Amino acid sequence: MTDAEARCEIVERCRSIGASLTLDAISRAQHDAALEWTREELERGRRGELLGRTHAPVPPKWAARSQSREMLQYGTYTHSNRVDADVEVASMPKALIDVVDALIARGVITEDERMDSCTINVYERGMWIPPHIDNPLFARPFVTVSLASAQAMTLGRGMIWPEGGTPVDGEAREGEEIRVVLPARSAMRMEGAAADEYEHAIPPVSADRISLTFRRRMDATTERDAIEAQTELTERFRAMYRERRGERREVLSSDSKGEKAVSEEEVRRARIVAERAAIKKAREERKKEKQLRKEQKRGDVGSSASMTPSHQPRAVEETTDTERTMELVKKAPKRACGVVPENFIDAASKVTVMPQVEREHVQKVYDIVAQQWHGTRYRAWTGVEAFIRKQPSGSFVADIGCGNGKNIPEVVKGGSVALGSDFSKGLIDICRDSGYEVMVADAVLLPYRSNTFDYALNIAVLHHISSPERRIELVKETMRVVKVGGVALFYAWALEQEKGGVSGHQFEGQDVLVPFHNKVKVKGVSPDEERERQSRVEGAPTHGEADPEKRSVVYQRYCHVYTKGELPRLFDALPWCTVEASYYDHGNWCCEVRKIV
Amino acid sequence: MRLLAHNMLACNAKGVVNGFPLKIVVKETRETETEFNAEFLVHMLPKMEWAAFVNAAREIGAGELPGEIPDDAATNEEFLQAFHHALLEVHVEEGTLVCPESGRKFPINKGIPNMLLNEDEV
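Heads up: the protein sequence lines correspond to chains Y and Z, in order.
Numbering-wise (the UniProt record's numbering), the first sequence opens with residue 1 and increments by one.
Numbering-wise (the UniProt record's numbering), the second sequence opens with residue 1 and increments by one.
Careful: at least some of the hints might be erroneous.
What follows is a list of derived Cβ distance ranges for each label pair [what the hints assert, rightly or not]:
#1 Glu94(Z) with Met1(Y): 31 to 41 Å
#2 Arg379(Y) with Val42(Z): 22 to 32 Å
#3 Ser102(Z) with Gln371(Y): 31 to 41 Å
#4 Gly103(Z) with Gln372(Y): 33 to 43 Å
#5 His543(Y) with Ala74(Z): 54 to 64 Å
With a straight-line Cα cutoff of 25 Å, these simulated DSS-like cross-link-like pairs (lysine-lysine) come out [stated by the list, open to error]:
#6 Lys564(Y) with Lys476(Y)
#7 Lys47(Z) with Lys483(Y)
#8 Lys483(Y) with Lys14(Z)
#9 Lys14(Z) with Lys476(Y)
#10 Lys47(Z) with Lys413(Y)
#11 Lys23(Z) with Lys110(Z)
#12 Lys27(Z) with Lys110(Z)
#13 Lys521(Y) with Lys406(Y)
#14 Lys476(Y) with Lys350(Y)
#15 Lys23(Z) with Lys425(Y)
#16 Lys27(Z) with Lys425(Y)
#17 Lys499(Y) with Lys425(Y)
#18 Lys23(Z) with Lys105(Z)
#19 Lys390(Y) with Lys476(Y)
#20 Lys14(Z) with Lys425(Y)
#21 Lys47(Z) with Lys476(Y)
#22 Lys523(Y) with Lys550(Y)
#23 Lys105(Z) with Lys14(Z)
#24 Lys413(Y) with Lys390(Y)
#25 Lys523(Y) with Lys406(Y)
#26 Lys390(Y) with Lys47(Z)
#27 Lys425(Y) with Lys406(Y)
#28 Lys14(Z) with Lys350(Y)
#29 Lys350(Y) with Lys413(Y)
#30 Lys425(Y) with Lys564(Y)
#31 Lys425(Y) with Lys105(Z)
#32 Lys110(Z) with Lys406(Y)
#33 Lys47(Z) with Lys23(Z)
#34 Lys27(Z) with Lys105(Z)
#35 Lys350(Y) with Lys105(Z)
#36 Lys476(Y) with Lys406(Y)
#37 Lys550(Y) with Lys519(Y)
#38 Lys521(Y) with Lys499(Y)
#39 Lys425(Y) with Lys476(Y)
#40 Lys425(Y) with Lys110(Z)
The set of hints was computed from the structure by calculation and includes no laboratory data.
Please read all numbers here as calculations on a predicted model, not as lab measurements.
C-beta atoms are modelled at their ideal positions from N, C-alpha and C, and glycine is treated no differently.
Please model the complete structure; the sequences and the hints are all you need to start from.
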């Protein structure tokens with residue numbers, strides 16, 4: 001199984017145990033509003049202005065373990081995962097009801113599942129939550145909405161984390177586990193085995209995070225059986241994991257590496273109890289549904305009541321401020337680029353085999369024009385710079401298709417280190433002369449270990465790839481080498497160009513040849529002589545033509561330019577990644593993509 | 001090529017299951033002074049395949065490193081200096097990288113590894 005297939009399987013496995021992640025569950029505006037409200041509410045809490053124990057400050061005992069978080073609670077008070085009905089907290093405020101409404105509108109939960117309680121956890125960098133099963137007095141599903149940053153959640157059975165310490169590199173270690181990154185604006189819906197059999201935990205966060213966990217208290221009078229069944233079930237698993245942890249600790253402390261898994265029999269027994277509980281619960285729910293239908297007939301019902309939650313297709317926000325104010329035109333070209341002739345693009349036998357068109361009209365062209373190319377490209381594009389600047393310092397960065405290395409100084413400026421690669425040896429030689437750490441490698445077949453780089457740059461590479469399959473393979477490779485939770489920036493030339501834009505190119509179709517004039521630098525040498533000389537260089541392209549007027553040798557670069565929406569759609573093939581932003585910048589379509597599994 | 005790059009490199013030729021770590025056959029090395037960045041070094045530690053790194057440092061003469069990352073690595077100045085030197089200050093200028101499984105050789109010329117594969121290898 002390939003790495004990508006394994007990751008798809010994890011996404012499927014999450015869903016199959018009842019943990020479904022909806023990306024873009026709330027809009028950017030809703031996210032920002034919820035974040036702002038939470039910050040203001042925290043201020044009120046710190047000033048003692050909130051009802052009862054709505055605001056919980058940082059308990060010193062936990063603070064010592066970095067585990068402690070400042071909390072806000074509405075609807076129901078819990079402490080260390082225990083419900084205490086006698087403690088007074090505020091009821092759900094409008095700001096949070098708005099979020100619940102958004103979740104219903106997005107189909108994350110149904111109207112029936114509407115939550116009446118919310119716990120807000122405030123994480124500062126390094127804070128974490130140990131493995132736990134949520135209190136059974138709350139109905140399933142419960143939903144966690146993530147704000148401010150993308151952070152990991154691990155699901156597992158009897159995970160062991162270092163006592164009170166920070167697990168290495170933010171990873172939970174030991175035990176069977178599934179790791180998923182929860183991006184900002186996502187909603188993680190947990191029910192079934194994911195809620196009752198599996199523990200979940202948050203490894204130390206790399207940046208500030210706020211989570212809103214919505215739950216519904218089960219009504220103690222009508223659902224006693226269900227509560228009892230769920231309690232029994234979660235208790236059983238809790239006890240099992242406690243026991244397992246105890247044993248594991250002994251094993252670990254006696255310095256042996258042996259591993260004792262939770263036995264299949266134990267899981268089977270607990271599952272029987274779970275199934276019984278589920279049947280009971282379903283019976284209760286049917287009863288409730290009937291009741292609701294009766295009420296519906298009486299006419300007092302919301303329109304979304306029949307909506308069932310489902311995995312929603314990726315919602316990509318295509319518009320940015322730049323785009324809204326920008327005029328995309330298809331007229332008035334400065335330089336026209338011809339559509340490639342029919343049969344020009346050769347279909348390679350295998351996706352990883354570089355087609356002739358890419359070798360002759362991309363790789364070899366860059367090799368021969370490298371010096372002149374370098375002369376006019378000395379710094380990263382402003383959009384790329386902005387992306388690099390918002391990444392943490394001390395990062396390890398893959399610059400894939402690094403060209404002459406123009407992005408690397410910005411990476412270094414931010415206190416990070418880049419490893420560059422390009423398939424053009426001519427360009428890589430220039431990088432080496434600049435002192436960068438680089439190698440000659442194919443972006444469709446990267447010679448790197450998986451899950452290593454903190455982030456990756458893939459700038460102006462995709463528009464030289466000649467088939468849809470290879471484009472997907474290329475983005476898959478870049479995302480493969482990025483760590484889970486890491487992000488990559490992709491830029492590719494757009495079909496839609498701005499009037500009077502920087503490049504001034506005008507494309508007649510999506511697959512085009514873009515001429516590059518390699519100037520004749522030596523006095524007294526004719527373009528014809530120079531073409532002759534260049535054609536004798538080892539590995540040179542054979543299609544160069546002398547241009548006496550411009551005193552240059554003209555080479556044709558193959559480009560596939562992207563239409564709006566085409567770039568983010570490539571990532572549909574990677575359900576283990578999420579497109580966090582998709583926008584237009586100076587003649588390019590761009591995507592910021594995060595690896596979530 | 002420095003060990004920073006080498007520790008990430010794996011042979012990805014067709015049919016190779018475990019192309020890591022690549023053996024380094026050294027012809028020529030060069031040393032440079034590189035700015036010490038403790039934050040980056042500590043951040044890199046969990047990313048390293050440590051046994052491969054220790055072995056590679058020996059292969060290219062970049063010094064002896066402990067067989068395991070010490071518990072106090074983040075604050076152990078002496079260790080971090082040794083790590084820094086082996087990771088970032090010794091360059092393999094000329095040599096060969098050899099796949100441990102297939103024996104496929106990748107040349108390093110003027111400090112640049114060429115990892116491109118032929119059509120029949122992908």
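Checking each numbered hint in turn, tell me which of them this model violates, lowest number first.
Violated hints (numbers, rising): 17, 25, 29, 30 and 38; every other hint is consistent with the structure.
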